[in-house]
Structure formats: C-alpha cells, structure tokens
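J.: This is what each chain is made of:
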Amino acid sequence: MRYDLVIIGAGLAGMSAALAAVKMNKQAVVLSKGLGSLYSSSGYIDLLGYYPTTEMKPVLNPARALDVLVEEKPDHPYSLVGKEAIREAFTDFLSISREIGLAYSGTLDENILMPTAAGALIPTCLYPETTGKKITEAPVITVVGIEELADFYPDYAADNLRHRLKGEVKSVWASLNIKVKRELNSFDIALALENFHVQEALIKELENKVPRNSLIVIPAVLGVQNWQQVTKTIEKALNCDVLEVPTLPPSVMGYRLAEKLQQHLKHKGVDFITGHPVTHVKCSGRQRLEVGISLGSGKLKKIQGDSFVLATGGILNEGLLACPGSIKESVFDLPIVNDLLHVDRDFFSLKAQGLSLAGVAVNSNMQPIDIKSGQTIYENLRAAGATLAGYDPFIEKSGNGVALASGYKAGKLAIGA
Amino acid sequence: MKQVQEANLDYCLKCSTCHTQCPVVLNFLPFPGPKHMGPELERLRLSKKQGEVLKIDENLTYCTNCKRCDMACPHGVKPSYYNIKNKAKAKTAAVQKFRDWILAHNYWWGRSASKVPRLGSFILKLAPVKLVLKTIGMADRDFPEYKGQRFKPKIQKEQTQKEQKGHKKQGEQKKVLYFPGCYASFNQPEIIQAAVEILEAARCQVEVAPSGCCGTPLLSNGFLVEAGSWAKRITAVFLEYIEKGYKIVVSCPSCGLAFKDEYRDLLAVEQSELLSQHIYELFELLAEEENLPFEIFNKDKAKIKGAFYHIPCHLKAQGMGFPGAHILKNTVVEDLLVEDSFCCGISGTFGFKREKQDLAAAIGGSLFNAIKDSKVKMVITDCGTCMVQIRQHTCLEVKHPVLVLKDFLQTQKGGK
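Sequences listed follow chains A and B, in order.
The first sequence begins at 198 in the numbering used here and counts up by one.
The second sequence begins at 5 in the numbering used here and counts up by one.
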C-alpha cells in the first residue's frame with residue numbers, strides 16, 4: 198500500500214510530523230529502528246532555556262529570546278521553521294495534550310524553573326499539568342527519596358537546591374515496603390505505586406516527616422497510567438503540593454508522553470513499524486519513491502509514499518553516525534554540515550560544540566539542501582529534529598522544542614498543507 | 005548461533021526502554037526484565053566458564069518470547085535472543101521440565117488427537133486426566149478442542165490444477181506452498197480451507213504442506229537442540245519447493261516468525277537466510293504482490309460493522325506492517341479498530357502452565373479491557389492461541405482474518 202506520508206523515526210519530531218498528517222486526515226506510517234529517545238527524556242518541552250548560551254542566567258521569556266535568536270542565527274532550525282510555525286506547533290501540542298489525557302501547561306512567553314534529580318534548576322516552558330508548581334516560590338520544600346529506588350538521593354538533591362532557592366529545604370527517606378528481591382528502577386516503582394496499598398504506605402511514611410503545606414519534591418514514580426490520580430491522592434492526604442522530578446532512564450515522564458502520543462496516533466490510523474531500520478532507498482530524479490526496511494533475516498519490505506520525513510535523531514540515536522574524522526547521515530547519506538574543527542576540549546563548554554552543530558542542512562521548507570549550491574536534493578523529502586544542523590540542543594536547552602516545531606512543519610509541508 | 009547476535013550486546017546503553025515494554029515486568033515485578041536478563045547479565049555470563057549457569061537465570065522461565073523488547077531497542081539489541089538461549093541452559097525442576105516437554109511437543113499430541121478428535125477432546129475433559137495434568141503443572145483451563153482434518157490436500161491439488169487451466173489466459177499463476185501450522189491443522193481446519201480458497205481466488209496455484217510444527221513451542225520451552233533438528237528438516241523440504249519456484253505461505257504469525265527469523269538467529273540452520281527470503285504471511289503476499297483482485301469480493305454483501313483487530317506480538321515482530329488489517333479495512337470491515345499495543349498473555353504454551361496462568365490473564369488484561377471498551381462484537385486475530393485466550397476472557401467471537409475474508413469471496417463455481 199502507498200502512504201501519503203512516510204516518517205522515519207519515532208521520537209518527538211517524527212510523532213509531531215505524524216500529528217500534522219492526521220490533522221489533515223492523511224495516511225501516515227512511522228518506521229523506526231526502535232522506540233526512540235523520547236522514552237528517556239524528561240517529558241518537558243523546552244523552547245529555549247539559555248540564550249545567548251554563554252550567559253549563565255536562564256531565559257525568562259523564551260519567545261522574546263527567540264526573536265533575538267532568529268535575527269542573529271539565520272541557519273538555526275528555529276529561524277528556518279519560523280516564529281509563526283513554532284507558535285502554531287506549540288499551541289497545537291497543548292490542545293492535543295488534553296485530548297490524549299496528558300495535559301500540558303505553560304506558554305511560550307515564560308520559562309519556569311524545574312528541579313532535576315541532582316538538585317539543579319532547569320528552565321522549561323511546557324510541562325505536564327501535574328508538575329505545574331513553582332519551586333522557586335515555595336517557602337518549604339521537602340525532597341523525598343524512596344528506599345527501594347536506586348539512583349535518587351534526596352540529601353544530595355536537597356543540598357544542591359538549598360544553594361539555589363530561598364525556601365527552606367529538607368530531605369527525607371520513605372520506604373514503600375515493596376519486597377522484591379531485585380534492584381528497582383523508577384519505572385518499577387511507578388508500576389508499584391499504581392497499587393492503592395503502596396500509595397497508602399507512602400502516605401503513612403510521609404505523614405510525620407513532611408510539614409503541612411510544603412512542596413514535596415519526589416522522583417517521577419507516581420504511577421505509569423494513573424499518576425494524575427496518585428498525585429492528587431497524596432496531595433490531599435498530606436495537605437501538600439507534590440512535584441515530580443524526571444529521573445534517570447527509564448524516565449517515567451518521558452514514557453508517559455511517548456506512549457500517549459503513540460496511542461493517539463495509532464487510533465488516528467497511523468501505522469507504526471518498529472524494530473527494523475530503513476536500509477533501502479530508491480529515487481527517481483529528485484523524487485524519493487520508496488524506502489525499505491530490512492527485516493530479521495535480510496528480506497526487504499518496501500514502503501511507498503508520496504512524501505517522506507526524516508526524523509531519525511542525532512548522534513545518540515544513530516540518525517547521524519560519527520565516524521573517524523567525519524559524520525554521516527544514516528538513511529539517505531545526505532550532505533552534512535560539519536564543523537568538527539570547532540570541537541571544544543572542555544566538555545562542559547558553554548560555546549556550542551561542533552559535534553552538536555553538525556547535521557543535515559535544510560531550507561525553510563525543511564528540505565535537505567546541497568551545502569554549496571543551496572539546491573534542494575529531493576523535492577519530497579524533509580528533515581526534522583536532532584538530525585538538523587545549526588544548533589546545540591544541550592547548551593541551548595531547545596531539544597524537544599526544535600523536535601516539536603520542525604517535525605510539525607515538516608509534516609505539514611510534506612502533506613501539502 | 006549467529007555471530008551478529010552475539011556481538012550486539014555492546015550496543016546496549018542501558019536506557020531500559022525495553023524494560024518499559026515487557027508485558028511480564030508490567031504485571032510481575034519480581035521478573036528482572038529484558039535488559040537485565042539479556043545484555044546486562046550476558047556480559048557476566050561471558051566472563052564465566054562455559055556451561056556455568058547463573059542462579060538468576062531461573063527467572064527466564066518467565067520470558068514469554070513476545071519480542072517486544074527487541075522491537076523497542078533504539079540500538080538494535082535483541083534481548084530475547086539472550087533470553088531464549090540462556091533459558092535453554094537454566095535449571096528447572098524435573099516435574100516442570102516434564103510438563104514443558106509435553107507442552108513443547110503439542111504437535112505430537114495434536115496429530116494423534118486430531119485423528120480421533122472427539123475422543124481426544126473428551127479425554128482432556130475427564131476428571132482423572134485433568135487431575136494428572138494439574139499435578140504435573142498444567143493450567144486448569146480448557147484446552148482448544150481438537151478437530152479432524154476434513155481438508156484433503158490431494159483432492160485440492162487436483163482442483164487447483166483444473167482451475168489453473170481455466171485461468172491461464174489471465175496471466176501466470178504463482179506457485180504457493182501453504183503451511184498451515186499446528187493450530188489450523190489440529191484445532192481449526194476451516195482456516196486451511198479458507199486460506200486455500202483465498203489464495204486460489206488470488207490466482208495462486210496452491211499446494212498444502214502436510215501438517216507439521218515450525219518448532220516455536222520447542223524453542224520457547226528451551227528445547228533448542230530438538231527445535232534445531234526439526235527446523236533443519238523443514239528447511240530442507242521448503243528449499244526443494246523454493247527451487248521449483250514456490251513461495252512458502254503461512255497464516256500463523258509464530259510459524260512465520262520462526263521461518264523468517266528464529267531459524268537463522270536462534271537455531272543457526274544452514275540456508276535459513278535463503279529460506280526466509282521466500283516466506284510470506286498470507287496477506288503479506290496478497291498485499292506486496294498486489295495480486296488481490298478486488299473483483300473477487302462480493303460487493304452485494306453488507307460489510308461487517310465494527311471489529312477489533314488484535315495484532316499478535318509475533319506478527320508485529322515480523323516488521324511487515326499490518327497487511328491483513330489493511331485488506332480487511334479496505335474490503336469487508338467497516339470501522340476496523342487495529343490495535344498492536346497489547347500482548348494477550350498466553351504466549352503459546354506459557355498460559356497453559358499452572359504457575360503462569362494468572363500472570364497470563366493479567367498480561368492480557370489491558371487487551372481485554374480495550375476490547376470491552378470498544379464495544380465490538382467480533383475480534384479478529386491471526387494467532388491460534390491468542391484466539392483461545394481472547395475467547396476465554398471476553399466471551400466474544402474471535403476469528404482468524406482468513407475466515408472473515410472468505411465469507412466475502414465471490415462463489416466461483418456458479419460463476420456469479
């Protein structure tokens with residue numbers, strides 16, 4: 198069968214393109230090697246956290262910072278997507294988030310500061326409604342660690358938060374009394390906390406340790422499906438606000454977003470073929486005609502489409518392959534903007550890293566272009582997300598924002614809307 | 005075992021995405037999950053002496069081989085490969101081993117019982133027999149009833165040849181060897197009849213392979229050596245047909261996955277790669293070759309209104325998309341709800357084990373709820389044991405897609 202839109206990559210950029218397609222009732226398929234890194238993400242949608250990046254202060258109004266960025270960096274994916282399209286993508290995402298049962302809050306005009314598992318504060322503009330609590334304004338904060346959970350240390354997080362916040366910060370441990378003879382991660386604890394008795398155990402543990410009206414900062418383990426309910430139950434019982442903090446992978450907050458988006462798209466008729474990389478491409482002139490995925494034993498499954506969106510991610514997700522001395526785009530072997538000379542020896546440098554800036558160059562129609570001539574390479578191929586060149590998501594804190602906005606625009610243009 | 009698979013644990017970044025997709029982890033917290041049992045512990049195993057088994061590997065009896073971890077991995081690691089390999093080495097209690105051995109050889113019991121189907125089904129319902137089964141660790145549940153083979157391959161072959169002559173003008177026929185698998189052969193022979201009728205309507209020259217087992221039950225119960233020798237025999241027969249220009253067609257997802265992937269990856273059968281190139285799921289053949297002429301459908305017949313298509317794990321794992329669902333959607337079912345997110349829990353023989361039965365039901369819980377919420381009256385799925393499980397837990401009509409499609413074929417004899 199022939200699809201209106203073939204999307205390669207199942208991360209936020211790919212799913213964002215699919216959202217644009219289903220909005221116009223187009224038939225889309227998402228092909229992916231695996232389930233993408235959205236599952237490991239924080240679940241926050243950052244537009245722009247730091248700009249200029251060398252400044253240590255987080256951006257307070259990302260929309261205003263975006264105005265400056267678009268002026269100063271014409272090759273940045275945001276400049277190519279355009280302010281209007283970015284706003285549209287974010288607005289649509291907010292309304293879809295309600296439809297899929299994972300309501301997000303926030304606006305493009307304000308960053309709020311969220312605590313990390315290590316007790317740092319990071320700026321973000323869209324966040325799950327249940328985490329819409331401003332830690333910077335809380336007078337009393339209690340960081341809760343869970344004894345059964347590896348990888349979250351409340352004393353450490355509290356200590357770091359104390360340096361950054363005006364409020365009083367204390368830390369406590371709570372045991373959930375889960376007797377399982379293995380190391381549990383945040384996903385496991387979240388599964389356990391779906392159970393009423395485990396919720397009760399948590400509440401009982403915290404009753405005498407947490408002062409009334411404090412903000413409870415707890416790793417994101419309050420349920421896989423029913424976290425809204427679980428959060429409310431705890432808040433009501435303890436007369437406190439509860440703020441979940443994204444954890445190390447498996448990140449439950451990333452999982453919730455990834456799963457909800459995927460379910461929504463599937464119900465709208467999008468096919469997901471997961472677990473097999475695209476290994477075959479065929480074109481005629483400047484048109485991509487089909488791609489193929491190689492199945493288990495090397496048999497080729499061909500998939501035809503009218504247009505294609507490439508959203509395979511950056512180096513971490515193998516959309517870009519880092520080879521000695523060069524970087525390659527892994528599916529179509531597209532030309533790469535490669536600034537490897539600018540590799541900063543300081544890993545934590547606040548100047549953009551050449552490796553992060555490398556990627557596929559596109560025009561404002563999100564079509565990959567030849568770097569020298571600026572000519573489009575294939576008329577019906579568009580790229581989005583971390584595959585794109587010209588930005589450093591890690592120091593800008595713009596990763597999910599670029600994925601959402603560029604994916605949406607690529608998807609929309611690809612189906613001719 | 006394939007070198008490719010052995011080496012791929014190095015790509016594991018421990019992101020644990022596979023862990024979040026494991027139906028067993030979701031319902032049974034003590035199971036350490038695919039990342040830990042697979043690539044993580046494999047590093048430890050490799051550092052040990054050959055033949056030394058980890059105590060923790062006993063947990064592997066909980067791996068259902070659904071392949072959802074393999075599909076989830078963003079970096080191409082296949083945890084199920086390590087799990088199946090090490091499950092075969094892990095120690096199990098003698099009674100459990102005996103019970104697993106019986107379940108793994110369902111083909112033998114099926115073949116004998118389907119010769120005397122009523123007696124076979126009757127015996128399984130006798131109280132003393134049930135007691136014995138219970139003692140050796142079988143689940144207290146109804147086993148699928150045995151049915152005699154009403155289908156006679158030989159006669160069919162003659163018919164096919166006759167029809168072939170009639171069709172010659174309309175272009176060359178594709179030669180197809182249809183492999184029905186255990187469930188269709190012993191429990192629901194109508195599937196064979198329907199599959200052949202559809203293939204013939206799509207102008208294939210069909211031959212039906214004699215009943216046989218692909219080896220999946222052996223494989224998932226840890227009898228790798230035996231599975232390997234079955235696989236070798238089957239591969240040899242299939243290759244003879246392939247040489248003569250046949251395509252091998254299956255209608256059971258687990259048979260398909262075994263022929264396409266497991267023979268190469270887990271059993272390292274020689275020439276399995278060549279074999280896999282010629283294996284087609286029935287609808288995959290119809291869709292890919294675009295040889296399902298729409299005129300074969302009876303357009304006067306009212307379409308089925310509303311059905312739930314449960315995509316079995318092993319169909320999803322084949323990576324061919326959902327050709328059956330698309331064909332049904334475009335031809336005979338209105339408002340078909342296609343759902344590939346859930347495992348039904350039975351996982352072949354897993355749900356027939358006493359200590360796993362409740363877990364199997366719990367795993368299927370999300371699926372059963374989704375079916376109930378959809379308020380459909382019919383469920384469609386390709387896998388025999390999925391059918392058994394869904395039927396038992398939802399009390400709805402559950403049909404193989406070929407049986408759904410068959411009812412809409414134009415009756416050819418009358419030339420209508």
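Please keep in mind that the hints were generated in silico from the structure rather than gathered at the bench.
Keep in mind that a hint or two might mislead.
Said to hold, decoys possible - The calculated lysine-lysine pairs, modelled on BS3-like cross-linking and capped at a C-alpha distance of 25 Å, are: (1) Lys236/B x Lys463/A; (2) Lys236/B x Lys496/A; (3) Lys333/B x Lys379/B; (4) Lys463/A x Lys381/B.
J.: Next, verify each hint and record whether it holds.
T.: Right, here's what the structure says about each hint:
Simply put, Lys236/B and Lys463/A have alpha-carbon atoms about 39 Å apart, too far for the 25 Å limit, and the pair is violated. Between Lys236/B and Lys496/A the alpha-carbon distance is near 20 Å, which keeps this suggested pair within the 25 Å criterion. For the hint pairing Lys333/B with Lys379/B, the CA-to-CA distance comes to about 18 Å; that is within 25 Å, so the pair holds. Simply put, Lys463/A and Lys381/B have alpha-carbon atoms about 21 Å apart, close enough for the 25 Å limit, and the pair holds.
Going through the hint list in order, the structure does not satisfy hint 1, though it satisfies all others.
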